[in-house]
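Residue numbers (this note's numbering), protein chains in the order written: chain A, 824 to 1185; chain B, 824 to 1185.
Fair warning: there could be bad hints in the mix.
One copy or any two copies: either way a pair holds, since identical chains are not told apart in the list.
Cross-link-like lysine-lysine pairs, in silico, DSS-like; alpha carbons within 30 Å at most [as the list claims (entries may be wrong)]:
{"no.": "1", "residue 1": "K1113", "residue 2": "K1179"}
{"no.": "2", "residue 1": "K858", "residue 2": "K1179"}
{"no.": "3", "residue 1": "K989", "residue 2": "K1170"}
{"no.": "4", "residue 1": "K1181", "residue 2": "K1130"}
{"no.": "5", "residue 1": "K1181", "residue 2": "K1113"}
{"no.": "6", "residue 1": "K1071", "residue 2": "K884"}
{"no.": "7", "residue 1": "K1130", "residue 2": "K1179"}
{"no.": "8", "residue 1": "K1170", "residue 2": "K1113"}
{"no.": "9", "residue 1": "K1181", "residue 2": "K892"}
None of these hints come from the bench; they were simulated from the model.
There are 2 protein chains.
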Amino acid sequence: MPNVYAVIMAGGVGTRFWPRSREKSPKQLLEIVGKGTMIQNTVNRISDLIEPKNIMVVTNKIQKPMVTKQLPNLPEENIITEPIGRNTAPCIGLAGLFVRRIDPEAVMVVLPADHIMQDEEEFRRLLRLATWVAYESGKLVTVGIQPTRPETGYGYIQVIDEDDGKNPYFQKGVFKVKTFAEKPNVETAKVFLESGDFVWNSGMFIWRVDAIMREIETHLPEMYQELLKIDDAIGAEDYDNVVETTYKIIRGISIDYGVMEKAKDVYVLRGNFGWSDVGSWDEVYRIAGKDENGNSVTGQAFLHNTKNTLVYSGTKIVATVGVDDLIIISTDDAVLVCKQGQSQDVKEAVDYLRRKQKVDYL
Amino acid sequence: MPNVYAVIMAGGVGTRFWPRSREKSPKQLLEIVGKGTMIQNTVNRISDLIEPKNIMVVTNKIQKPMVTKQLPNLPEENIITEPIGRNTAPCIGLAGLFVRRIDPEAVMVVLPADHIMQDEEEFRRLLRLATWVAYESGKLVTVGIQPTRPETGYGYIQVIDEDDGKNPYFQKGVFKVKTFAEKPNVETAKVFLESGDFVWNSGMFIWRVDAIMREIETHLPEMYQELLKIDDAIGAEDYDNVVETTYKIIRGISIDYGVMEKAKDVYVLRGNFGWSDVGSWDEVYRIAGKDENGNSVTGQAFLHNTKNTLVYSGTKIVATVGVDDLIIISTDDAVLVCKQGQSQDVKEAVDYLRRKQKVDYL
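Based on the sequences and whatever the hints tell you, model everything.
So this is what it looks like as structure tokens:
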């Protein structure tokens, strides 16, 4: 069996969850759904498969203290920091340097820190299968999500769902990728959904570290050269300086656009485990438990003549009278009142605060 | 000219302004509209007519420290406390005892502490006129409000608006009361409004202290006997005990029901000075200044795609996204989100908190 390492990407700033998410406490470090923070749940979800010493987190300097505090079982050296966010390709490449030094044939499981899965057993079954395929084939593997609606907020992956004799894993439910598709408009999304051979791009990847580093070298050769400079500095005194300098030069690009779309023979599994990337307050309401009036309350609240409303009261009490279809989020210093279905515009509030340099609220 | 004393009634608990109003800080002690608390504005409004040493406030023990603090120009002995609220008749009778000891012929101007008037000059003109009529005639005088809508939340007063030769003040715009009417239903309220000879009962009264005490003696003889016991105890050691005992016995009744409706030859002036009793958050929104989207904001707020919404942010920031017709009130420990037009149900929240004995929020 291969060595398996998890790399949890946890650098996001999560402005869509303002006023709960802040620069110092973004979405992945919050209890958004149920018990435990999202990153804690991400670690716990894979702890049957991957032991803590093999779980790495890539985050930034501001968030590192909170990450360390929330994940006390992880060795501190497993918390890798980036000086600045440069999208997923450099993040994965940086983590890959550390894994490759331990074992070039190790399998890397790359997971966002802020997704949820309702059927965790099925998720782990798929990860085990993906790990085996990635190790044996030496190819890149990703987990797609069986779509349930014509969502325009995700990229899609078209799979080859007929057995062409070139896919030794076909019988196991592992497909070859036909093509990656950008976020579609709603008409295209409907076509994708009806066609049956498209899945959502979840941002979860499984590969041998030698495979992904080779692909980065092939498709992002400049970035690869910069990563080698960091590799040379690992363990040296000037490591932080080298990383800082490198990240200033390096181009921000996603692993999807920079590598996956260009790589050959990518495998994809169909995920069907109640996945959500919990991308907005609307989505939190969608997946939350609700009472007979469609209300979902966290904290102290009194709801009178109120329907289909999400309330998070923080340390206060929230009272509602005669309202429908709202999202009400109260924190120690801010209150958000948002119409259901419009929570994508919460970022407008964050932009406003940034423009007005109200840094205490950011 | 007579001695003129003001008696400001400030005992209300104002549950309709939760979460801003609390037992210790009811509506009259808050800045609800514009600058200054309502009781401060009530005092300032009459300060051209009545000097501070002649202004008395009747309140309760819980509120007395705040009243004293907010009205530093009033002598402390002018802040009279009731051990328990017993409606307006005992309140007025108690204050009357103190005024009568100074000057039985003094004119008492009785004012609620929590009303606003947009045209304060006109209000003072009417008070001067009422004071003169009350002093000269020895009759009870009240200020009615020219109605602007078929309001069902107020009592009405029908005036005799034809000169019957029995009213020496008719030419001055001072009318005899024909009858007092309870809060009407909406059909009746429409009839009242259209008839032109009904005004709203504002709860403001002007009379010589000997006149009102005589009327109390006539129409509420039991209460009058109890008041005499208090009168005997004024200045004595057991004053507090006597008041406490008396208020346990005394019947709670309004001056309107107990005296005004039964008294003969009551005069009423037509008030036309932009009056409001600021009875609810809806009413605050109605009289507040608004921007081009119909929003009225006090404090820090960011309103995105938001219309006809009242926001009070307290020490926090409030952000709204895509909402209409709301009342949003944020305090240090509570948030209210209420649909416009339903703020009468805010008391449901207060009732809930009382039932649950959440005394910190009351």
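Comparing the hints with the structure gives:
In this assembly of identical chains, the alpha carbons of K1113 and K1179 lie at most 30 Å apart only when taken from different copies (23 Å versus 37 Å within one copy). Proximity of K858 and K1179 under a CA criterion of 30 Å is satisfied inter-copy only: 26 Å between copies versus 35 Å inside one chain copy. Taking the shortest Cα distances, K989 and K1170 never come within 30 Å of each other, neither inside one copy (46 Å) nor across copies (71 Å). For the homomeric pair K1181 and K1130, the shortest alpha-carbon distance between copies (24 Å) is at most 30 Å, but the shortest distance inside one copy (33 Å) is not.
In this assembly of identical chains, K1181 and K1113 lie within 30 Å of each other by CA distance solely across copies; the values are 25 Å between and 35 Å within a copy. With identical chains, the CA atoms of K1071 and K884 are at most 30 Å apart within one copy only, with a shortest distance of 16 Å there and 67 Å across copies. Taking identical chains as interchangeable, the C-alpha atoms of K1130 and K1179 lie at most 30 Å apart only when they sit on different chains, with a minimum of 22 Å there against 34 Å within one chain. In this homomeric assembly, K1170 and K1113 come within 30 Å of each other (Cα to Cα) both inside a single copy, at 26 Å, and across copies, at 25 Å.
When the C-alpha separation of K1181 and K892 is checked against a cutoff of 30 Å, the pair qualifies only within one copy, where the shortest distance is 27 Å, while the shortest distance between copies is 34 Å.
Consistency with the previously given hints fails for number 3 only.
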